[in-house]
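S.K.: Sequence:
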Amino acid sequence: MSEITATTPELSSHGYRNGQRETINRKTAEPKPHLVIEPVSGWRSLRLGDIWEFRDLLFTLGMRDVKLVYKQTLLGVAWVVLQPLIGAGIFTFVFGMLAEMPSGALPYFAFSLAGMIGWTLFSTTLTAASTVMVTNSHLVSKIYFPRLILPLSSAFQPLVNFGVGLIVMLLLLAIYQINPGLRILLMPVAGSLLLMFALGIGFWCSSIMVRYRDLRFVIPVAVQFLLYASPVGYSLAAINEKVPAQYQSIYMLNPLASLVEFFRWTLLGEGEIAPAWMCYSILAATMTFILGAFAFRRSERGFADVI
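Under my numbering, think of the first position of the sequence shown as 270, with each following residue one higher.
Warning: the hint list may mix true and false statements.
[As the list claims (entries may be wrong)] With a straight-line cut-off of 25 Å between C-alpha atoms, the simulated SDA-like cross-links for lysine to any residue are: (1) K411 - R316; (2) K340 - L408; (3) K340 - L317; (4) K411 - S568; (5) K336 - V409; (6) K336 - S410; (7) K411 - K511; (8) K411 - L326; (9) K511 - A379.
It should be emphasised that the hints constitute simulated quantities derived from the structure, not laboratory data.
Build the full structure now, drawing on both the sequences and the hints.
M.R.: Encoded structure:
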């Protein structure tokens, strides 16, 4: 412990005299730092504790998006119901009536609506998470908060839509007298996998879009292509029946192929779930989410400079 020794002048009010020597401890004289910044690696670099500390901000931003979507709208929440219903109706006409795709013993409208609800959760989350950094640039450049909160908050509004769509789906199951059995208990798992996969891709896209804004024009087109490249309006049984065997493996490389079919299976109780491809899709969704979060954190330090 180092010390500073100094000779002080006469200070009668403090009881000092000429020549008195005062000993000052350096350790107690210098103020201690309030914040220590250290480099971190591995899981600590995600700073999940910061997200928990700012959880009120996460909830506030998420509910703000929910309110903004339906503010000053003519039909309000009815848009949430109409979007999957219209999509299911179009798929019923195109794939069910014209193409005569198989749907087993299920009514084709219920079959396609189940796929549309899962697909809508994925597509709306991906689109919102990809553009959230650009749409909230005024927050990023002015105040500090964990930036990962922004893409996470973008999942609130798709989750609200998802809940409303499930209510409609349950009513339709009652009308058609479809009983999925205990499989419906796995529906939250299937929905979580679709949500994780969408957020993982959204982490990557949002961090890239900060620098390259033209990506916002690419994402809607890519999502549209994925809609027809995934078993939303048709089943994997139709792929096995109509697609040559050498191309089926290429089709199944799309993780959404098994995830959408799995989601529909939990609601309707029918579908073709290949265990090997299902494990592949679960691993792909999980790794995309984790690696996307790490990539977002790595790019976060430069957001305020370029946004």
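S.K.: Could you work out which earlier hints the structure fails to respect and list their numbers in ascending sequence?
M.R.: Structure breaks hints 3 and 7.
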